[in-house]
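Asker: Below, each chain spelled out in residue letters.
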Amino acid sequence: MNLNIVGKDILRVDGLSKVTGKALYPQDLYIDDMIYGKTLRSDKSHAYIEVDIKEAEKIKGIIKIFTYKDVPINHYGVVFKDHEVFCREKVRQIGDPIAFVVGENERVCKEALKKIKVYYEEIEGVFNPIDAMREDSPKIHGDTNIVYHYKLKKGNIEEGYSNSYVVVENTYKTHMVDHAFLQPEAGLAFVDKENILTVMVATQYPHYDREEVAAALNLSQEEVKIINTNVGGAFGGREDISLQIHLALAAYTLKKPVKAIYSREESFIAHSKRHPLIMKYKTGADKNGYLQIMEAEIIGDTGAYASWATNVLRKSGVHATGPYFIPNVKVDSYAVYTNNLFAGAMRGFGATQVPVAHEQQMDILAEKLGIDPISIRMKNIFKKGSVSATGQIMLESVPIDRCIEEVVKNIGFSMSVGRG
Amino acid sequence: MKKKGVGIGISFYGIGYGNGFPDVSKAVVRLLDGGKIGIYTGATEVGQGSKTVLSQIGAETLKIDSKDILFICEDTSLMPDSGTTAASRQTYNTGNAIKTACEKFREELLDAAQRELGLNSVSGLTMEKGEIYLNFFPHKRISFKELSKTYKDNPIEVEGIFTAQTVEMDSETGQGAPYWPYTFNACGVEVEVDTLTGKVEILKAVFAQDTGRAINPKLVEGQMDGGFAMALGYALFEDLEIDKGRIKNNKFSKYLIPTAMDMIDVKNIIIEDPENTAPYGAKGIGESVTIPITPAILNAIYDAVGVRITEIPVTPSRLLKVLADKA
Amino acid sequence: MKEIKLKVNGIDYILNIDEDIRLIDLLRDKLRLTGTKEGCGEGECGACTVIMDGVSVNSCLVMAFQADGSNILTIEGLEEEGKLHPIQKAFIEEGAIQCGYCTPGMIMSVKALLDKQPYPSREEIRKGISGNLCRCTGYNKIVDATEMAIKYIKEEGV
Chain A
1 MNLNIVGKDI
11 LRVDGLSKVT
21 GKALYPQDLY
31 IDDMIYGKTL
41 RSDKSHAYIE
51 VDIKEAEKIK
61 GIIKIFTYKD
71 VPINHYGVVF
81 KDHEVFCREK
91 VRQIGDPIAF
101 VVGENERVCK
111 EALKKIKVYY
121 EEIEGVFNPI
131 DAMREDSPKI
141 HGDTNIVYHY
151 KLKKGNIEEG
161 YSNSYVVVEN
171 TYKTHMVDHA
181 FLQPEAGLAF
191 VDKENILTVM
201 VATQYPHYDR
211 EEVAAALNLS
221 QEEVKIINTN
231 VGGAFGGRED
241 ISLQIHLALA
251 AYTLKKPVKA
261 IYSREESFIA
271 HSKRHPLIMK
281 YKTGADKNGY
291 LQIMEAEIIG
301 DTGAYASWAT
311 NVLRKSGVHA
321 TGPYFIPNVK
331 VDSYAVYTNN
341 LFAGAMRGFG
351 ATQVPVAHEQ
361 QMDILAEKLG
371 IDPISIRMKN
381 IFKKGSVSAT
391 GQIMLESVPI
401 DRCIEEVVKN
411 IGFSMSVGRG
Chain B
1 MKKKGVGIGI
11 SFYGIGYGNG
21 FPDVSKAVVR
31 LLDGGKIGIY
41 TGATEVGQGS
51 KTVLSQIGAE
61 TLKIDSKDIL
71 FICEDTSLMP
81 DSGTTAASRQ
91 TYNTGNAIKT
101 ACEKFREELL
111 DAAQRELGLN
121 SVSGLTMEKG
131 EIYLNFFPHK
141 RISFKELSKT
151 YKDNPIEVEG
161 IFTAQTVEMD
171 SETGQGAPYW
181 PYTFNACGVE
191 VEVDTLTGKV
201 EILKAVFAQD
211 TGRAINPKLV
221 EGQMDGGFAM
231 ALGYALFEDL
241 EIDKGRIKNN
251 KFSKYLIPTA
261 MDMIDVKNII
271 IEDPENTAPY
281 GAKGIGESVT
291 IPITPAILNA
301 IYDAVGVRIT
311 EIPVTPSRLL
321 KVLADKA
Chain C
1 MKEIKLKVNG
11 IDYILNIDED
21 IRLIDLLRDK
31 LRLTGTKEGC
41 GEGECGACTV
51 IMDGVSVNSC
61 LVMAFQADGS
71 NILTIEGLEE
81 EGKLHPIQKA
91 FIEEGAIQCG
101 YCTPGMIMSV
111 KALLDKQPYP
121 SREEIRKGIS
131 GNLCRCTGYN
141 KIVDATEMAI
151 KYIKEEGV
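For the protein sequence lines, the chains are A, B and C, in the order given.
Quick note on numbering: my numbering labels position 42 of the first sequence as 42, and the sequence is numbered without any gaps.
Quick note on numbering: my numbering labels position 62 of the second sequence as 62, and the sequence is numbered without any gaps.
Quick note on numbering: my numbering labels position 77 of the third sequence as 77, and the sequence is numbered without any gaps.
In short, the hints are calculated from the structure, not lab data.
Ideal placement from N, C-alpha and C gives every residue a C-beta, glycine not left out.
This list has only true hints and no planted wrong ones.
With the Cβ distance kept under 8 angstroms, some of the chain A side facing chain B (calculated, not the full set): (1) 177; (2) 363; (3) 390; (4) 397; (5) 402.
Okay, derived cross-link-like pairs now, DSBU-like style, lysine-lysine, Cα gap no bigger than 30 angstroms in a straight line: (6) B:251 x A:110; (7) B:251 x A:90; (8) C:83 x A:8; (9) B:251 x A:114; (10) A:117 x B:248; (11) B:36 x A:8; (12) A:383 x B:267; (13) A:114 x A:58; (14) A:255 x A:114; (15) A:81 x A:256; (16) C:127 x C:83; (17) A:81 x A:225; (18) A:173 x A:287; (19) A:81 x A:139; (20) B:36 x C:89; (21) B:67 x B:145; (22) B:218 x A:383; (23) A:110 x C:30; (24) A:280 x B:321; (25) B:36 x B:149; (26) B:36 x A:225; (27) B:4 x A:280; (28) A:383 x A:280; (29) B:3 x B:267; (30) A:282 x B:4; (31) B:254 x C:127; (32) C:151 x B:67; (33) A:22 x C:5; (34) B:204 x B:267; (35) B:244 x B:254; (36) A:151 x A:383.
All chains, full assembly: derive it from the sequences and hints.
Answerer: What follows is the structure, given as structure tokens:
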């Protein structure tokens, strides 16, 4: 293919504005007469609440304090609408939004946050997804904590084991981490001259934000506009709604521009996390190192809200085999509610965790069989025409062999049998 | 004692929403005043370089300089919905929508040129560097700029739509075609483990990433370095330390992400194997670049000191404990 | 309120400020020099790095009144006569930018480093920017850009 521009290191189109400091992020926006908002968040993991804003409202400079009572439609969420704009009667995690204080400046807003009285009636919480799966565990939403169960079955499990010369069984655990993008959430909302409610924010999906803002305020989508400023990193952490609805509600109600900026600490409790996974793996191979069976049970802690949990744990399940042809496979992958911080999208989306298991399984099998880690992989990797565990044909563009060969060639030492 | 070890990790990653969900991207291409080309899509620039890469796809298709493209992706009232900027899907999905739109746009421009030049057909019309001319009589020639004046009140505009093909999986057996396409990669690392302190240092790293085709190799390398760093933090030290739903490490003085001192120079190798359904063969790599590094480090630690770490992060205290348990 | 005098990007200012505001607040809220970013508010991320009397500082850790009488350089003051500083140019060319939020602070740290030490090794560059967090680039292209900037500075005699 004769290409002129594709394949060239064209300089970033946004480079100049970013090296000169001219690129604007939401915190960099200022409008005359703008007022400020701050969020009151739950300090308890699981509790019934009653909120008293009377004292706080009296503070000079406070314009309005928004609670669930002020929101036309109080629910949102990327897959299930299980998030509340402001918690009505129950908080499910630390950091849950309870109220949004709007005042003349940030200082009075902070003062008002301290004056809002929240009466917490604590409920037993559950913080381990295995406990949360039990029928008698405290429920976060509805009558079960199991949000999703993905099932994958291919071939014959008994046959897989009987064809195996070695079987390796281990349980692997990954932890909850944060996107830690450098730009904390911020935004500015106002009603423009044409009466369009405008929210300026840094987001991964402006059309989704528009849909959620319009839905929560009971407006048509034509009445709402999202302007995406420069985005200071995302990695999945800007897929869920954070302050968009709060700002829009305040600007729409008060007919004034409203700005909010999260501190780093608030950013940490306000957005999603990477799902921690518990991965129970059983992998078998024949004497020659060809994989015969893989059985996996994967349990993902999605915290207090589902966010993308169904899609994340589905992705874990589909990618549980690694890029290997295995004739007999069984996977059960679960997403489970707990009272931990909610987990959602993060770079790799469920496929990042499973190689912690399958790649160590491969090395352990190799060592037991006296094969080196490269050879066992080369024997089992997908090739053009391979069939995945879900029955999908890897039709083309499957250069995993070349990836491995290049690594071996360039690392400058032999990848031989484990020395440990 | 300091011990060295090597390890490899490999992975695959399916692009897109997947599982039969309609994964749609739209792009609008419009002839602007002055002959520039406007591309309007909902694909968000989050730092990964999509504005640059998607402009390159448009410029390549229209055979113009990417500087002649005005790329608008910021305002929902101006641009169509191109789905979320996630799932490594924008280069593939919106790239395809832009390519389709630009191909249609090219035909519209040729039709307009035929009309303006008073020709019998579009046969022999060549589009190059913002001009359209008849290849065997180049005197017949009109620029985008001239066309934009003629069509000022009714700008030439087309929309391109791309919907990725996936098949929903069976709810009992999981059989189906959940994603397409897939990208592949492999990472090899050499580590040094200090058995007294439990500290793991990365000495060397080689990272090979399948891109289908790299639209902009330097941006791909930037993703690979960034993905490596994020995975390094994931494997060795990033930890929120959650206790009964409360984060202990809720600020950067406690939640440690890699600094320039933690990173090393990674030998990045871009593997190309163009994918037919992708724009110029390019698959998305934004997420897959984070995936094979952590297992490579874990396997290298085993090679160095002979212990399997089944729980991450491999903090010094965890590693020392596992070493003590083994001894 | 307190009156302070300071020079920012070559311009003299006399300002009345609240005593509890930080230098970053003065730069951003008062002077609208928003190229200086806040990422953590505790001096850990370096996004707010500016050069104060020749030394790089986290402007979130300096109180505005402490800047009385000082000479401050921010990212907005780096271009000269509309021409990019060699570090800015090198950052664009070497692909050292992704989301861009750390970029201004990072460039100011590189500037402070090269002012002090014109020919640092790669390791010294890494050390010099280790107070600036970047979540996107993995730093390597920033180190490359710094090496390129060293070359440009030498060529141009800046």
